[in-house]
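> Generate the whole structure from the sequences, applying the supplied hints.
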Amino acid sequence: MEHKRPVIASVSSGKGGVGKTFVTVNIGAYLAHRGKKVLIVDCDLGLANIDVMIGVKPSLTLKEAIFEDKIIDDIAIHTKHGFDFVPASSGAIEMAQLMYEDIEKIKEGLTRLAQHYDTIILDTGAGISESVLQFNLFANKNIILLNRELTSLTDAYATIKVIYQAFGRNSFNIIVNSTKNEEEAKRIFNHIDSICKRFLGFPLQYLGHIVYDDVVPRSIMKQETLLTHQDQSTPAINCASIAENIVSWQ
Amino acid sequence: MNRSPLPEDRHTIAKILSKKNLERPLLTKISGSKPKAMLILLDYLSRHERQIVENITHPIIDLEDDLLKKIVELEEENARLRSQALIDGLTGLYNNRFFRLQLETEMARTRRTGLSCCLLMIDLDNFKMINDTRGHLEGDRFLAQTAQTFSQCVRAVDIVCRYGGDEFVAILPSTRQFVAIRIANRFKNAVREIPGATGYNVSASIGIAEFTVSSPWDENKFIQSADFAMYEAKSKGGNQVCTTGYHRKIDGGLEPVSIQEKDAISSIRDSEQGQGERDGA
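These protein sequence lines map, in sequence, to chains P and D.
For the first sequence, the working numbering assigns the number 1 to the initial residue and increments by one for each residue that follows.
For the second sequence, the working numbering assigns the number 1 to the initial residue and increments by one for each residue that follows.
Because the hints were derived from the structure by calculation, they are not lab data.
Some clues are possibly wrong.
Here are the computed lysine-lysine pairs in the DSBU-like style, where the Cα-Cα straight-line distance is at most 35 Å [unchecked claim]:
1) P/Lys197 x D/Lys221
2) P/Lys57 x P/Lys186
3) P/Lys57 x P/Lys37
4) D/Lys262 x P/Lys180
5) D/Lys221 x D/Lys236
6) D/Lys262 x P/Lys186
7) P/Lys222 x P/Lys107
8) D/Lys221 x D/Lys188
9) D/Lys236 x D/Lys262
10) P/Lys222 x P/Lys70
11) P/Lys107 x P/Lys37
12) P/Lys197 x D/Lys188
13) P/Lys80 x P/Lys222
14) P/Lys222 x P/Lys37
15) P/Lys180 x P/Lys105
16) P/Lys222 x P/Lys186
17) P/Lys80 x P/Lys70
18) D/Lys128 x D/Lys234
19) P/Lys222 x P/Lys197
20) P/Lys57 x P/Lys107
21) P/Lys105 x D/Lys221
22) D/Lys262 x P/Lys141
23) P/Lys70 x P/Lys107
24) P/Lys107 x P/Lys36
25) D/Lys221 x P/Lys141
26) P/Lys222 x P/Lys141
27) P/Lys197 x D/Lys128
28) P/Lys105 x P/Lys80
29) D/Lys188 x P/Lys180
30) D/Lys236 x P/Lys107
31) P/Lys197 x P/Lys80
32) D/Lys262 x D/Lys234
33) D/Lys262 x P/Lys107
34) P/Lys57 x P/Lys141
35) D/Lys188 x P/Lys107
36) P/Lys141 x P/Lys80
So this is what it looks like as structure tokens:
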């Protein structure tokens with residue numbers, strides 16, 4: 001049987017606290033809802049937290065895959081949100097300082113696993129460490145997340161610039177998170193897009209925006225996704241529309 | 001304090017050497033440290049790294065034994081000849097031969113560790129002017145000074161070699177292109193500081209190539225790529241750094257984000273404030 005190459009999308013932001021994990025989980029839930037087979041991988045190797053956000057307690061994590069030679073296929077767990085999930089372990093110093101060989105091992109495992117899925121979303125850590133860069137290289141679509149804060153714009157741009165310099169990537173999909181409204185999101189996007197064109201010589205792609213609303217922190221507190229928490233809220237509709245755009249990549 | 005090896009030490013060393021089928025005895029400085037550990041350490045080095053260690057560690061052994069004394073003398077002479085074969089006489093840098101050997105080693109290291117290495121090809125612009133107007137002695141002096149300047153510009157792990165004539169190369173292990181650009185710029189700026197450089201308008205054209213774990217290159221292709229970038233720097237008028245490689249080419253990007261870029265990003269604050277006033281009005 002012929003299998004289409006899965007979309008492997010990395011989600012990075014440079015700056016921490018922009019909402020990478022929230023966006024990853026909610027887009028994953030909406031993609032699963034659309035009938036896609038989705039795998040979410042927590043690649044924030046030092047300070048992982050997707051498991052906390054979706055309320056699962058994994059017994060095996062990527063740490064075991066690397067240091068105890070467990071097969072990555074055994075580590076993936078099915079969740080009530082419709083997507084499968086590979087957890088990383090939080091607070092393990094040795095995970096925060098992975099060698100290139102370890103990252104390669106994870107990538108090999110994921111390549112094997114990839115054939116069972118339509119979409120794989122990699123939640124990379126903050127910063128621009130070797131592992132963040134390597135997961136961005138592994139992905140065939142790079143999503144960059146930013147919000148309305150100036151530092152987030154600068155860090156998102158720095159991330160784009162480093163990935164471009166290191167691997168020659170020149171196609172990045174932008175999500176503006178925690179924005180007031182669509183107009184503001186578009187203004188922020190146009191701004192960073194013009195800076196990329198001017199200094200790096202290529203344009204950015206607008207993937208979508210998520211408007212800030214109280215339902216976002218409430219859903220996180222309840223360890224739920226917007227799909228199950230407040231399906232009709234504006235941020236929920238925003239996430240659904242981003243998921244729709246990602247479906248069109250296939 | 002130096003001490004002569006104890007008979008059992010010598011015995012052990014001899015045994016190790018015979019097991020390794022070494023053609024000649026490996027004599028290293030034994031100064032109260034552990035000679036056995038030293039030998040094991042040497043085993044972990046590559047062939048030419050080991051040669052270098054041997055070159056700099058003088059075989060000083062207090063010997064009562066005439067035959068061993070002869071061997072030591074012979075080894076000293078061999079070390080001198082070996083160093084001549086790897087060091088460039090004029091500049092004191094490693095020569096082209098050593099460069100080729102070391103490049104091979106670093107590329108193998110990249111394939112093993114996955115960490116990129118970079119190669120800088122450096123050609124002096126207008127150097128011929130010094131030779132033609134001030135004579136070759138002055139030219140040689142300038143080259144020696146350039147070599148010394150370059151040696152001061154690099155990190156402890158980098159290796160600077162004289163490629164030939166007024167061309168130099170630097171191997172930067174475990175280094176990404178954007179870091180290499182920064183080091184290349186140090187070279188470029190340092191050349192202008194050498195006395196006489198500005199008077200004869202001598203500057204450096206530097207080409208950078210990055211070898212990654214997935215680059216399909218052999219040594220010659222790697223050198224050619226750095227060469228290619230260097231020619232581009234020359235054709236653009238010299239005194240600049242150009243890059244080439246398996247990766248998409250970039251120009252200039254020295255820091256992850258420059259001040260100009262930061263300013264451009266910050267400018268949104270003003271426009272957003274204006275927007276806020278309009279929204280409020």
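> Each hint should be assessed against the structure and marked as holding or not.
Status of the hints after comparison with the structure:
no., hint, in the structure
1, P/Lys197 x D/Lys221, "holds, 32 Å"
2, P/Lys57 x P/Lys186, "violated, 38 Å"
3, P/Lys57 x P/Lys37, "holds, 22 Å"
4, D/Lys262 x P/Lys180, "holds, 24 Å"
5, D/Lys221 x D/Lys236, "holds, 23 Å"
6, D/Lys262 x P/Lys186, "holds, 20 Å"
7, P/Lys222 x P/Lys107, "holds, 32 Å"
8, D/Lys221 x D/Lys188, "holds, 24 Å"
9, D/Lys236 x D/Lys262, "holds, 28 Å"
10, P/Lys222 x P/Lys70, "holds, 32 Å"
11, P/Lys107 x P/Lys37, "holds, 19 Å"
12, P/Lys197 x D/Lys188, "holds, 28 Å"
13, P/Lys80 x P/Lys222, "holds, 14 Å"
14, P/Lys222 x P/Lys37, "holds, 24 Å"
15, P/Lys180 x P/Lys105, "violated, 41 Å"
16, P/Lys222 x P/Lys186, "holds, 30 Å"
17, P/Lys80 x P/Lys70, "holds, 24 Å"
18, D/Lys128 x D/Lys234, "holds, 14 Å"
19, P/Lys222 x P/Lys197, "violated, 41 Å"
20, P/Lys57 x P/Lys107, "holds, 23 Å"
21, P/Lys105 x D/Lys221, "holds, 29 Å"
22, D/Lys262 x P/Lys141, "holds, 26 Å"
23, P/Lys70 x P/Lys107, "holds, 14 Å"
24, P/Lys107 x P/Lys36, "holds, 22 Å"
25, D/Lys221 x P/Lys141, "holds, 30 Å"
26, P/Lys222 x P/Lys141, "holds, 30 Å"
27, P/Lys197 x D/Lys128, "violated, 41 Å"
28, P/Lys105 x P/Lys80, "holds, 28 Å"
29, D/Lys188 x P/Lys180, "violated, 48 Å"
30, D/Lys236 x P/Lys107, "violated, 41 Å"
31, P/Lys197 x P/Lys80, "violated, 42 Å"
32, D/Lys262 x D/Lys234, "holds, 30 Å"
33, D/Lys262 x P/Lys107, "holds, 34 Å"
34, P/Lys57 x P/Lys141, "holds, 29 Å"
35, D/Lys188 x P/Lys107, "violated, 39 Å"
36, P/Lys141 x P/Lys80, "holds, 26 Å"
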